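Engineer: Protein chains in written order, with the working numbering: chain A, 285 to 575; chain B, 83 to 878.
I should point out that these hints are in silico values taken from the structure, not numbers from a laboratory. These numbers were taken from a predicted model, which means no experiment stands behind them. Careful, some of the hints might be misleading.
[Claimed, not checked] List time: in silico DSS-like cross-link candidates among lysine-lysine, alpha-carbon distance up to 30 Å:
| no. | chain 1 | residue 1 | chain 2 | residue 2 |
| --- | --- | --- | --- | --- |
| 1 | A | Lys500 | B | Lys624 |
| 2 | A | Lys517 | A | Lys435 |
| 3 | B | Lys352 | B | Lys127 |
| 4 | B | Lys857 | A | Lys391 |
| 5 | B | Lys226 | B | Lys708 |
| 6 | B | Lys127 | B | Lys179 |
| 7 | B | Lys414 | B | Lys839 |
| 8 | A | Lys500 | A | Lys435 |
| 9 | B | Lys175 | B | Lys352 |
| 10 | A | Lys527 | B | Lys732 |
| 11 | B | Lys704 | B | Lys819 |
| 12 | B | Lys226 | B | Lys179 |
| 13 | A | Lys500 | B | Lys665 |
| 14 | B | Lys175 | B | Lys553 |
| 15 | A | Lys527 | B | Lys665 |
| 16 | B | Lys179 | B | Lys553 |
| 17 | B | Lys704 | B | Lys550 |
| 18 | A | Lys409 | B | Lys732 |
[Unchecked claim] Pulled from the structure, derived: some chain A residues nowhere near chain B, Cβ distances all over 10 Å:
| no. | residue |
| --- | --- |
| 19 | Val365 |
| 20 | Glu386 |
| 21 | Gly416 |
| 22 | Lys437 |
| 23 | His441 |
| 24 | Asp458 |
| 25 | Gly499 |
| 26 | Ser508 |
| 27 | Tyr509 |
| 28 | Tyr510 |
| 29 | Lys517 |
| 30 | Ser567 |
Think of the CB as a built atom: it goes at the ideal place given N, C-alpha and C, for glycine as much as any other residue.
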Amino acid sequence: MQRKINISLFLLALLILALSCTKELEVDIPNNDPKLVVHCFISPQQDTLKAYVSKSRPVGEYGSTENLNWWHRADIVENAVVVISNSVGESKTAQFVTEDTEYSIDKYYQIITDGFSIQEGETYKLSVSAPGFQSVWASVAVPLAYDVNMKFKGIKHIDNEFNNVFLYSFDFTDLAGAENFYSASAYSVVDGWEGNQYMYNTAIDEYFSDANFDGKDIGIQFVSYYDIDTTHKVVVRLYHIDKHYFTYSRSVDNYDEMPFSEPTPIYSNVENGLGCFGSFTYSTYSFTIEP
Amino acid sequence: MTKWLYICQNFEKMKKTTSISFLIFLITFSAFSQKGTISGYVYEKGSRESLVGVNIYDPIARTGTSTNIYGFYSLTLNSTDSVIIRWSYVGYKTVEKKLLLKEDLRLDIFLEHAGELEEVVIMGEGITKLSEDVRMSVMEIKPKDVKMIPALLGEKDVFKALQLMPGVQKGNEGSSGLYVRGGGPDQNLIILDEAVVYNANHLFGFFSLFNGDALKSIELTKGGFPARHGGRLSSVVEMTMKDGNKEKFGGEAGIGFISSKLLLEGPIIKDKSSFIISGRRTYIDVLTQPFIIAQTQGTTAGYYFYDLNAKVNYDFGSRDKVYLSGYFGRDKFYLNDLSSSESTLRSGLYWQNSTGTLRWNHLFNNKLFSNASLIFSNYTMSVYAKNEYNSYVYSLRYLSNVNDFAAKYDLHYHLSPNHNIRFGISSVYHLFTPGSIVLKDDDPSNDLKFTKREYGIETSLYVEDEMKFYKNKLRLNPGFRLTSFAVKGEHYWSPEPRFSASYMLKPDFAIKASYASMSQFLHLLSHTGVGLPTDLWVPSTKNIRPQNSWQVASGIAKDFTQNDLSLSLEGYYKKSDNIIGYKEGASFLSIDGSGDAMEYDWERNITNGQAWSYGAEVLFRKNSGKFSGWVGYTLSWTQMQFDELNFGEKFYARYDRRHDVSVVSIFRFNEDISLSATWVYGTGNAITLPFASFSVGEHHLGTNNMIYNHTVSDYGEKNSFRMAPYHRFDLGLQIHKVREKYESTVELGVYNLYNRKNPFYYYIESVYNEDRGVKNVLKQLSIFPIIPSISWNIKF
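Taking the hints into account, I'd like the entire structure generated from these sequences.
Structural biologist: So, in structure tokens, the structure goes:
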């Protein structure tokens, strides 16, 4: 049996029971037009940049029921003009592409960085316009991929009634005096066979900040389900993400729609629109680990 | 443990030092007091009920005082010759006496009821004037006015009447929550005979706990708080229960649409001791039960609430009085399905308040009045469900409560005509159970038993002095309150200076100003702000700091004595810090048995922020006569900021209200018929609504691909949608019949006369069309259309 009781629904039912003489009215929301939704995440370590452009569907407006169909995203805007520019006035216009693979169709605006490079520390602006929509724009500063002095701290075997896992611990030093945001991933390499043994980030959130740890060591841990009894390599990738990326991703992770709870808005730095223009860089650290 | 011992030892030391200081203080002042003092109690003639706020006035010296909440007064005069003293009170005949003040006089006065239609004008002097009161931001409502104001389904409600005052928001549809000067319903100190009442709502806030029958006085303070009150940021609602008729047995009974009530009072020992007991119960469940059972073949469901007030008192001579009073009220929803022999369900939700107060009034001398109180208060909310299916049993019990055990000692020293000093100490032991869960099913390994308890000791010391200077033109009330709050691992101190001043520019015209610093060590975790019983009371902890605020207010007060009219105009600015709110997405209402116990740790679900509130209030009021009532207007702004809400940006509070208007009028045609009407208007609440939906995805850092995996709502800025304005007109017609043995009143009422569809709740509904797809529509739910009511009351 489902051991879940939702008191809020129970309360709601009782409340509705109590309010038998209710009247309903349909209400218009003034100035509620569709907005452009832009998702674009840039990095100096990417050859091509992708900008995804779609539209929101206001309350009161009909739309396809298939917005999220894997094969047919009805909300994609295909006739937008997407331009990225840097602080010295150089710009590049993106091309709309449809990437049809065996498993999915991906539609986005592609910017080939050839001749227009994304650089650490530089600020970029993304502008998107499309017929029938208010133009939107957003800016982001690319974070620096500075050396964080990543250190391997050890492996701990956890064997209890719930888990039998190996916990790999690392720590790194945060850059003092700045607000920094991170994400991390790791994988192990055994006998030259890479990538398959992805390790799960644990103990901290997928995206984390240096709040309360400014300039200090920050610990991260990864879980492996494999007991590797030979010398092996663990590759840790530390992503430096910008504040918009961090806030947006956190808000997507926390999104929940529950009656009687505070609404969880999705963060956006896109002026006049929705979505996120974020940025990231990364550094890779490789450790040889003896069993 | 050692820290606790240290605190307790310090407290003991403090008590000793304080007692010695009080003694020295009293002896010193008594030695210097060589003037004549008149003191005593003022009672209602015929019932010997003590009267609160009676004005005692010397028209020659142009000085006076008023009775305290126990009906005691003390007036010291410089003159030792003959004096004229008037005792006057709205609705009562003034008593005037010429006295030879050779020595201190003890004078108990009995005031006789005046006819309802009599204009109470006493040669322009005597009645408590707004312009002569050093206090500002204080609103008084007489229980008899509460009875005259038309109400939903005829259910008279003290809080609904208070909502009609400027500075107090008219709430949402049907809500009896008080939102005072931008504060939430949790920031009101609601005290009934000294006991704090935690959840003052019946039926999800549609009615308040207090119908006014058993009450003697109701006073709301919105700012300029005197030092004797503390512990909440926004307001003090002080209610005093009647003592009970000491001369003869009597009672009142009433039958209304949804409830009936009965009040009995009378002497236990004539002129020495009396009792009063008053109860009310709704009976919708009883009336509808047969129909529900018939319809559902065995399911019973229903809702009821009841409340009970009781008080006894005893006079031990002229110096000592003892009072024992209590309140108990409960709301309960239940749903039982016993129709099948295989499967049964019993479920419900109840919440209840109980308070008890034992007080001892002692007169040390004709100038020094004291009151010692022992107080208990409890609020409990519980949800239960038990499902039996053959041999399988599933049961859940969720409980949250707060218990207060308090001791309080207050002294009121009428030092001289120019100094009226109050000081005292109080200590409260708060015991909280923010959440207790017991879950059981057929597999014992799934059982869950979790209880979280918190406790705190709140101790306060205060002193205040009401002073008069320059022929009573300048009145000051400086005060200071020091509060300590000890919780596990932390000890907070809060010094709170208070100050209010008034200056009479002309007779009947005063300018006023006040400053008050307040702190609050208890917090209400509320999702909706509408006073649901599931809101939780929790204390400040090591991690959750006390809320505090400061408020400045200034204004003018003008009396038009000939017509018993008064006008007040006030502006205020209030800044609050460390106020608490729910983190986005946090909910205390979902209990998932599979989760670990930490899920119920409330501290993780809240966030701290700050609030700003400012505005202006106008009140034009007529207290007595054929035509009485008031017009109130409030212009206000309330904004909040939390680091973890709305991405750290400022936003308007849900109950931010730009304009708020109330018009209350009572017209007495003659002794038999009166007509009352109210009209209210308020800007709509600021709420968060989903304006649109859009696809959102997670960006995969490794591949730089977007994975669109769900549709989310675009809420815009927090609280950026305004609900439709609220307005409503209510009308009541009272027909009184006075017979030799009884008085009866039939009241015909109409709530929402012009059938305004006021918004109660907004929600989104999906509409599907085969050709055009799907659309979301915004719907507004209105709950109270035009509602007539009839009720009958009898007084014997």
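Engineer: All hints are to be evaluated individually against the structure, with a verdict given for each.
Structural biologist: Hint check results:
Taking the CA atoms of Lys500/A and Lys624/B, the gap is near 24 Å; set against the 30 Å cutoff, the hint holds. At roughly 14 Å between alpha-carbon atoms, Lys517/A and Lys435/A fall within 30 Å of each other, so this suggested pair holds. Distance restraint check for Lys352/B and Lys127/B: the Cα-Cα separation of roughly 14 Å lies within the 30 Å cut-off, and the hinted pair is therefore satisfied. About 25 Å separates the Cα atoms of Lys857/B and Lys391/A, which keeps this hinted pair within 30 Å; it holds.
For a cut-off of 30 Å, the pair hint linking Lys226/B to Lys708/B stands: about 15 Å separates their Cα positions. The hinted pair formed by Lys127/B and Lys179/B meets the criterion: a straight-line CA distance of about 17 Å does not exceed 30 Å. As the CA atoms of Lys414/B and Lys839/B are separated by approximately 29 Å, the hinted pair is consistent with the 30 Å bound. Simply put, Lys500/A and Lys435/A have alpha-carbon atoms about 13 Å apart, close enough for the 30 Å limit, and the pair holds.
This hinted pair checks out: Lys175/B and Lys352/B have alpha carbons roughly 24 Å apart, not beyond 30 Å. As the CA atoms of Lys527/A and Lys732/B are separated by approximately 19 Å, the hinted pair is consistent with the 30 Å bound. For the given pair, Lys704/B sits about 25 Å from Lys819/B by alpha-carbon distance, which is consistent with the 30 Å threshold. With a C-alpha separation of about 28 Å, the suggested pair Lys226/B and Lys179/B falls inside the 30 Å cut-off, and the hint holds.
Distance check on the hinted pair: Lys500/A and Lys665/B sit about 27 Å apart at the alpha-carbon level, within 30 Å; holds. The suggested pairing of Lys175/B with Lys553/B holds, with an alpha-carbon distance near 28 Å, which does not exceed 30 Å. At roughly 20 Å between alpha-carbon atoms, Lys527/A and Lys665/B fall within 30 Å of each other, so this suggested pair holds. Taking the CA atoms of Lys179/B and Lys553/B, the gap is about 23 Å. The hint holds against a cut of 30 Å.
Taking the CA atoms of Lys704/B and Lys550/B, the gap is near 27 Å; set against the 30 Å cutoff, the hint holds. Between Lys409/A and Lys732/B the alpha-carbon distance is near 26 Å, which keeps this suggested pair within the 30 Å criterion. Distance to chain B confirms Val365/A as a non-interface residue, since its nearest Cβ pair spans about 20 Å, more than 10 Å. With 10 Å as the threshold on Cβ separation, the claim that Glu386/A sits away from chain B holds: the shortest Cβ distance comes to roughly 15 Å.
Chain B leaves Gly416/A outside its interface by the beta-carbon criterion, the shortest separation being 15 Å against a cut-off of 10 Å. A cut-off of 10 Å between C-beta atoms confirms that Lys437/A is not in contact with chain B; the least separation is 23 Å. Every CB of chain B lies more than 10 Å from the CB of His441/A, the least distance being 22 Å, so the non-interface label holds. In this structure Asp458/A is separated from chain B by more than 10 Å, as the shortest Cβ-Cβ distance comes to about 19 Å.
At roughly 21 Å from the closest C-beta of chain B, the C-beta of Gly499/A stays outside 10 Å, upholding its exclusion from the interface. Against chain B, the non-interface label of Ser508/A holds: every CB pair exceeds 10 Å, the least being about 18 Å. Taking the minimum C-beta to C-beta distance to chain B, about 19 Å, the non-interface status of Tyr509/A holds against the 10 Å cut. Listed as a non-interface residue, Tyr510/A keeps its Cβ farther than 10 Å from every Cβ of chain B; the least gap is roughly 20 Å.
The claim that Lys517/A lies off the interface holds: its Cβ sits roughly 18 Å from the closest Cβ of chain B, which is beyond the 10 Å cut-off. Every beta carbon of chain B lies more than 10 Å from that of Ser567/A, the smallest distance being close to 13 Å; the non-interface claim holds.
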